[in-house]
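Colleague: Produce the entire structure from the sequences given, and follow the hints as far as they go.
2 protein chains.
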Amino acid sequence: MSRKPTLAVVGATGAVGTVMLQILSQHADIWGEIRLVASPRSAGRKLAVRGEQVEVLALSEEVFDGVDVAMFDVPDEVAARWAPLAAAKGVVVVDNSAAFRMDPDVPLVVPEVNPHAARVRPRGIVANPNCTTLSMIVAVGALHAEFGLRELIVSSYQAVSGAGRDGVETLRRQLKLVAGSELGTSPGDVRRAVGDDTGPFPEPVALNVVPWAGTLRDDGWSSEEMKVRDESRKILGLPGLRVAATCVRVPVITTHSLTVHARFEDEVTVDRAREILATAPGVVLFDDPAAGEFPTPADVVGTDPTWVGRVRRALDDPTALELFVCGDNLRKGAALNTAQIAELVAKEFTAG
Amino acid sequence: MSRKPTLAVVGATGAVGTVMLQILSQHADIWGEIRLVASPRSAGRKLAVRGEQVEVLALSEEVFDGVDVAMFDVPDEVAARWAPLAAAKGVVVVDNSAAFRMDPDVPLVVPEVNPHAARVRPRGIVANPNCTTLSMIVAVGALHAEFGLRELIVSSYQAVSGAGRDGVETLRRQLKLVAGSELGTSPGDVRRAVGDDTGPFPEPVALNVVPWAGTLRDDGWSSEEMKVRDESRKILGLPGLRVAATCVRVPVITTHSLTVHARFEDEVTVDRAREILATAPGVVLFDDPAAGEFPTPADVVGTDPTWVGRVRRALDDPTALELFVCGDNLRKGAALNTAQIAELVAKEFTAG
Numbered sequence: 001m002s003r004k005p006t007l008a009v010v011g012a013t014g015a016v017g018t019v020m021l022q023i024l025s026q027h028a029d030i031w032g033e034i035r036l037v038a039s040p041r042s043a044g045r046k047l048a049v050r051g052e053q054v055e056v057l058a059l060s061e062e063v064f065d066g067v068d069v070a071m072f073d074v075p076d077e078v079a080a081r082w083a084p085l086a087a088a089k090g091v092v093v094v095d096n097s098a099a100f101r102m103d104p105d106v107p108l109v110v111p112e113v114n115p116h117a118a119r120v121r122p123r124g125i126v127a128n129p130n131c132t133t134l135s136m137i138v139a140v141g142a143l144h145a146e147f148g149l150r151e152l153i154v155s156s157y158q159a160v161s162g163a164g165r166d167g168v169e170t171l172r173r174q175l176k177l178v179a180g181s182e183l184g185t186s187p188g189d190v191r192r193a194v195g196d197d198t199g200p201f202p203e204p205v206a207l208n209v210v211p212w213a214g215t216l217r218d219d220g221w222s223s224e225e226m227k228v229r230d231e232s233r234k235i236l237g238l239p240g241l242r243v244a245a246t247c248v249r250v251p252v253i254t255t256h257s258l259t260v261h262a263r264f265e266d267e268v269t270v271d272r273a274r275e276i277l278a279t280a281p282g283v284v285l286f287d288d289p290a291a292g293e294f295p296t297p298a299d300v301v302g303t304d305p306t307w308v309g310r311v312r313r314a315l316d317d318p319t320a321l322e323l324f325v326c327g328d329n330l331r332k333g334a335a336l337n338t339a340q341i342a343e344l345v346a347k348e349f350t351a352g
Numbered sequence: 001m002s003r004k005p006t007l008a009v010v011g012a013t014g015a016v017g018t019v020m021l022q023i024l025s026q027h028a029d030i031w032g033e034i035r036l037v038a039s040p041r042s043a044g045r046k047l048a049v050r051g052e053q054v055e056v057l058a059l060s061e062e063v064f065d066g067v068d069v070a071m072f073d074v075p076d077e078v079a080a081r082w083a084p085l086a087a088a089k090g091v092v093v094v095d096n097s098a099a100f101r102m103d104p105d106v107p108l109v110v111p112e113v114n115p116h117a118a119r120v121r122p123r124g125i126v127a128n129p130n131c132t133t134l135s136m137i138v139a140v141g142a143l144h145a146e147f148g149l150r151e152l153i154v155s156s157y158q159a160v161s162g163a164g165r166d167g168v169e170t171l172r173r174q175l176k177l178v179a180g181s182e183l184g185t186s187p188g189d190v191r192r193a194v195g196d197d198t199g200p201f202p203e204p205v206a207l208n209v210v211p212w213a214g215t216l217r218d219d220g221w222s223s224e225e226m227k228v229r230d231e232s233r234k235i236l237g238l239p240g241l242r243v244a245a246t247c248v249r250v251p252v253i254t255t256h257s258l259t260v261h262a263r264f265e266d267e268v269t270v271d272r273a274r275e276i277l278a279t280a281p282g283v284v285l286f287d288d289p290a291a292g293e294f295p296t297p298a299d300v301v302g303t304d305p306t307w308v309g310r311v312r313r314a315l316d317d318p319t320a321l322e323l324f325v326c327g328d329n330l331r332k333g334a335a336l337n338t339a340q341i342a343e344l345v346a347k348e349f350t351a352g
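Just so you know, the protein sequences line up as chains W and B, in that order. Sequence positions in the first sequence follow full-length UniProt numbering and run 1 to 352. Sequence positions in the second sequence follow full-length UniProt numbering and run 1 to 352.
What the hints contain is simulated information worked out from the structure, not anything from laboratory work. Careful: at least some of the hints might be erroneous.
Residues from chain W that face chain B, not an exhaustive set, calculated with beta carbons under 10 Å [stated by the list, open to error]: (1) Gly180; (2) Leu236; (3) Gly237; (4) Thr255; (5) Glu267.
C-beta atoms are modelled at their ideal positions from N, C-alpha and C, and glycine is treated no differently.
Modeller: Here it is, written out as structure tokens:
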């Protein structure tokens, strides 16, 4: 069947959905109809995609009639309920929630790293990784392909938009309170100024960093940290990979950064690592500290690739590399990777 | 000789000097005369210490006449010139610059970790560690004393006051520009708003994180990262310790945070690690994520101890612990540790 497939975007009005509509308007137009879907309270709104105003439909089983591929950017519990219903109608679901990522019958796909995995989907669902994992895995995957990864020790500097629109609005409100003040110099002064207005975060995020993201899992780990470990292992096909992550929220609007200590099977060289990163699809090597070149969120936000800088070999371990990576958590970290997976799947329809 | 020793505070008007005067006013009054010293352009100003207004003297050889102990909080090049001149007059210099830290004839002291080292000072100088090292070394030292440290992999979240008053004022100015805006969502928008006003930082620091602190050393490492490695080794007396640090500036006024992956000689338990941290002098264990307890700069700023939270054992390495530590970079990270060293030295005068 060679025809343009029909796409549904479920969660079209959220922070990730908004970026998704931009991406669909920018990428090659491979889709037939694009149907926008959201919760009933957003139904009837019109949103721009591919230069046209499209009315948002309320989520129901009927909206999936005739749909070939559906991209879901909705909370876990919504995805858990609706993705199987759509899949039961023959829709290929590309889901950006955590609901199915660790399901052994659901592939977890990063097109630059494991594109083949998207073809085998017993439940009709393909999962999109967590934004923190996605912000570094393309670079790490390229190095793994040549050097063989043994261990990852990562620390994140996560933007507030990873917690959705509420995260962004919370930081914007708090910034207005602290800008022009002398706050940040005595214990609790920022907290008192912010009061209970911490939004989706457990502590004030303006003039602060918060070492917590997600919910509490066993032994003091956060769900976000467990995702980085479990998802990295699944994407790379390394079930025994040693991973230790600490996830920290920082007062940045969009673009996650991570420090990465990556240990490989044998000795590595910075020169070869730089060659790999300079030519890897989806990666930009931006690494010349003498010229002031290293990635920061302010430069990377709004762009597609994973930016890598500060490439060094560990001074005391010739098998380990240090990296600083930045990736737009709403683009590659969410909407872009979802769109790339959907485009991979769409080829099955258009290949005829 | 049992008498109250005379103290000189060199660099009394700087960001660290200001905190030093607060600390001298709060601690037990062990000093006789306290002489305040700064550059000639600050001479004649009066500053409050121990409830009295004291006139600032211009730095000269004569200001050290009759001084027993001098605390230096001045740039490296000023310390390199003036500390030996003061020492030649018999003054014990406690220096917070990087000028002497790695000199084998200058002890590098953290009173909770290696107090004995302060007694042997062939050059008459005791060095105070860098603020980033100091923000974690008390906690790490306590664990090392029992478990035996093998490797440290750390990432920093460094406050702007680590770059002095100029750093603080730069972030304050940038926050006024970005608060109330929609900046931080497209490439370079923050940079364009900030223009050239990046102060002591290579990139905008508001709504951003900047993976650079200090100057460029060999193989892409920053001087700040090398200090963490070299100073940790020297303080802990472990010249072969494996250390990998990545230093990143964040938009926080004061208090450095670090993620620490610490690998020890043998298997460790979280229960024992927590006991050690809960009882170690100078450390506060604040670690109950279920109750929302983990340290953040907003809570820690203005306090003396090293705060430790997020204590976990690495899931894939029973010899490694993960920590999140916060320390006020102007207090324990600079002025407080300097004062503590000076107080150790002062006991030699008052012990009689």
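Colleague: Which numbered conditions among the earlier hints are violated in the structure presented, ordered from lowest to highest?
Modeller: 2, 3 and 5
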